[in-house]
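K.L.:
Please work from the sequences and hints to get the whole structure.
Quick note, the sequences are listed as chains A and V, same order. Numbering of the first sequence is given in my numbering, commencing with residue 1 and proceeding in unit increments. Numbering of the second sequence is given in my numbering, commencing with residue 1 and proceeding in unit increments.
There may be inaccurate statements among the hints.
Unchecked claim - Derived DEER-like restraints, expressed as beta-carbon distance ranges:
id : chain 1 : residue 1 : chain 2 : residue 2 : range
1  : A       : Met121    : V       : Arg92     : 26 to 32 Å
2  : V       : Ala168    : A       : Met121    : 34 to 40 Å
3  : V       : Glu55     : A       : Pro91     : 34 to 40 Å
Claimed, not checked - Some chain V residues flagged as far from chain A (calculated, every beta-carbon gap over 12 Å):
id : residue
4  : Pro91
5  : Gly382
6  : Gln394
Stated by the list, open to error - Here are the simulated SDA-like cross-link-like pairs (lysine to any residue), alpha carbons at most 20 Å apart as the crow flies:
id : chain 1 : residue 1 : chain 2 : residue 2
7  : A       : Lys108    : V       : Val407
8  : A       : Lys151    : V       : Asp391
9  : V       : Lys77     : V       : Ala188
10 : A       : Lys100    : V       : Val407
11 : V       : Lys201    : V       : Ser246
12 : A       : Lys100    : V       : Gly438
Don't read these hints as lab results, they were simulated from the structure. All C-beta atoms, glycine included, are put in the ideal place defined by N, C-alpha and C.
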Amino acid sequence: MIEIRNLHAEIDGKKIINGLSLTVNDGEVAAIMGPNGSGKSTLSYVISGRAGYEVTGGEILLNGENILEMNAAERAAKGVFLAFQYPLEIPGVTTMTFLKACLNAQRKSRGEAELTTPDFMKRVKAGAEKLGVPQDMLRRALNVGFSGGEKKRMEVLQMSLLEPTFAILDETDSGLDIDALRIVSEGVNALRDPKRSFLVITHYQRLLDYIVPDTVHVMSKGQIVKTGAKELALELEANGYRDFVGEAA
Amino acid sequence: MLGDVKAAHSAAEEKLVAEFARARGSLPGAAPVGALRDAAFEAFKSAGLPTRRVEAWHYTDLRMAMRDALPVAPAPKADASLKQKLEKLAPRIADLETTRLVLVDGYFVAELSDVTPKGVTVTALSEALAKGDAAFVEALSAPGMGQGDAALALNTAFMQGGVIIDVAAGTHVAQPIEMIALSSEMSAHAVYARSLLRVGKGAQVTLIEREVSTASQIEQRNHALVVSVADEAQVEHVFVPAILKSASTYVASLLAILGAKASFNSFTLVQGGGLLRRQIHMRFDGEHAKGQLAGASVLRNKDHADTTLVVQHVAAHCQSREYFKTVLDGESTGIYQGKVIVAPGAQKTDGAMKSHAILLSDDATMNNKPELEIFADDVVCGHGATVAQLDEDQVFYAMARGLPKPVAESMLLEAFVDEATDRVESEPVRVYLTSLIGQWLSQRGAA
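P.N.:
Have a look at this one:
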C-alpha cells in the first residue's frame, strides 16, 4: 500500500505538486484523471524517483517505508513500477538482455539469487505468450522500431516479470487502437492481485471500461480535488472537469 | 638566416638530432636504406616536431608533449622467462586459434613466435633492410602516403624493429595472424617499429595487432604499419595499442594501399594512456575496392587520443566507410579528423564517414572535424559528426526498471560503442574487444 502525505514538489523552481495526499491500498486500482497540466505525469515521476524533481514537503510511504530518499533503481527494487507514457528506445541492447539485467539487478538488491538463464527464458517466454509478444521482438533492440502498441505491450510484459507491489500506468492508453487497448488492459487485469496496487493515470474514461478502477481521483493544480467510486469517471466524461477545477479546463 | 623559421629547436628536437647521429651507424639497413633514413631525418629536421600550426596536427601538439626524446630501445636480451610470461601478458583470445608473432620493444623475436602457415613468409625488419631489395624498400616506404608528416619521417629515419609479412597470391590464411608487441621493463626508451603486410592477389588474411606494455616508465612509441592489398585480396585488421603511462607519447600510423576489387577492413580500439595519435592513410589505387576504417576510443583522466584519417579515392567505383565512436570521461581530450579526397577521375565513389562521441564529464573535450574534398562530379559522399551526453531519459528508464545508475550507464555506453565493434568481422575478436571495453567501463567511478 502506498500513502502520499501532503506532497509538495517542483521542477526548475516551478511548483507542480501542491500538498497532494493519496492512499492506494493493497489490491486497489486507483485512477487519476485530470486536465492537461494538472501534474499527473509529474506525480508519476516523483513517485518513481526521477532526478530533477525536488520534493519540498511531505512524504511517500510504500508499505510504511519512506521512499523519498531512495533513487529510482532502489524504489524499483522495493516494488515501484512505472509504465511509461512514451517508453524509451534503447538501441544496441536487446529486449532479452535488458529484461534479464533488470530482473537480476532487482533480485540482487533484495538479496535474492539471480535467475539462471533457462529459468529466466521460461518466465519471459510464458509472459510474452500471454501478451502476444512474438519471440523475435525479444531479440530486437528494446523498443527500437516497435509500434506504439508493441511498446505498451512490452511495458506490460516488463511489469509482469518484475512483479511490482505498486504499479503506475502513465496514460497507457495513449496511442493505442481499440485492439491494442484491449490486449494491454487484459495484460494489466491479469496482474491484479490482492497484494498489488495500481495507479492508473488517464485523460479518458475509455481506458477505465477495460481496467475497472476501485476508486477515481480528480487531480487539478497539483492536488486531489475529488475522490469517488468508478462512476465518477462517467460523470467526468459527461460534464468535463469544470465542476472540479473551478474554471474551464 | 632570415628565411630559417625553424631556427630554435626544442630540447627534444636537439636530442633527436644527437640520437640520430649516435644511433645512425647501428640502425639496420644496406646503403639505399641509409639514404632513405637520411632523407627522412632531413625532412624531419626542417619541419621539426608537429605543432598546432601544422593543419593535420591542429589538435595535438607533439612538440609540446615531448619534453624530452628518449634513446632508441636496444635489441632485447634473450630472456627465457618471456616465453612463460607471454601467455600471462597476452592471454589467448577465447575461441580463436591464431598464429602468433612476438615483438619485444619493436624487435621481432622468432624464438617466441609460431611457425607460419604455408603461403605466409615472415621476416624481421632488420633482415629485410640488410638485404635492401629495391621493391621491398619501395613497398616499405609507401611512396605518396603521409608525405610531409614529420612523425612518420621520424619513424622512417629511426625504424629499428618490425616484421615483414608476405602472403602469397591466392593464399587463404585460415588462422588470423596475431602480432603481439611487448615492452621490456628497462629504463625509459623510444621504440620505432615499422612493419609491412603485403597481401598477394586474391589472398585473404586477418591481422590482429595486440600490444601490452609492462614498462614502469614513460615510453615514446612511433609505430607504422604499411598494408599493401593486391587486386581481389581481402584483409581484416584489428589494432589494440598498449595503454602507456601518462606523459608517454605514441604515434601509430597505418598506410593502406588497395588494388582493384580489394577489400580492407581495419578497426582500432584506443583505451587511453598518455598521448596517442592514430593516423591512417588509405588510398584506392584500383577500381571496385572497398575500404572500411572503424574504431572506438574510451578515454579518462588526462588521456589525449587523436584519430586522423586521410582517405584518397584515386580510382573510380570504390567504396569507403569510416565509423568511429569515442567515450570521454575525466579531463580527457578526443580528436577525430577525417578527410576524404576524391580525385577528378574517381567517379562513382561511394563514401560515408561518421564520428560520434559521448562526453561523461564537464571537463572532457571532443574535437570533431570531418572533411570532404571532392573533385569528381558523379559521387555519393556524406559525413556526420555528433557530440552528446548520455540520454538522461534512457538512464531514468533503465533505473526505473531497477538498474543502478552505473549499471544503466555502462549498458548504454556499451551499446553505443558496440555499433563500432560490430564492424569487426570475427565474432571471437568482437567478444574480445567488448570485454576490454567492459573492463574500462567497470573501472568507471572505481577510482
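K.L.:
All hints, please: hold or fail.
P.N.:
Hint check results:
1. A/Met121 to V/Arg92: 26 to 32 Å: For V/Arg92 against A/Met121, whose Cβ atoms are near 30 Å apart, the range 26 to 32 Å holds.
2. V/Ala168 to A/Met121: 34 to 40 Å: Since V/Ala168 and A/Met121 have Cβ atoms about 48 Å apart, the given range 34 to 40 Å is violated.
3. V/Glu55 to A/Pro91: 34 to 40 Å: Check passed, 35 Å falls within 34 to 40 Å.
4. Pro91: At roughly 25 Å from the nearest Cβ of chain A, V/Pro91 sits farther out than 12 Å, so the non-interface label holds.
5. Gly382: At roughly 20 Å from the nearest Cβ of chain A, V/Gly382 sits farther out than 12 Å, so the non-interface label holds.
6. Gln394: violated (5 Å)
7. A/Lys108 to V/Val407: Answer holds: A/Lys108 to V/Val407 is near 13 Å, not above 20 Å.
8. A/Lys151 to V/Asp391: With a Cα-Cα distance of about 19 Å, the restraint between A/Lys151 and V/Asp391 holds, given a limit of 20 Å.
9. V/Lys77 to V/Ala188: This hinted pair holds, its Cα atoms lying about 16 Å apart.
10. A/Lys100 to V/Val407: holds (13 Å)
11. V/Lys201 to V/Ser246: Outside the cut-off at roughly 42 Å; violated.
12. A/Lys100 to V/Gly438: It holds: about 18 Å lies between the C-alpha atoms, which stays within 20 Å.
The structure fails to meet hints 2, 6 and 11 from the earlier list, while all remaining hints are met.
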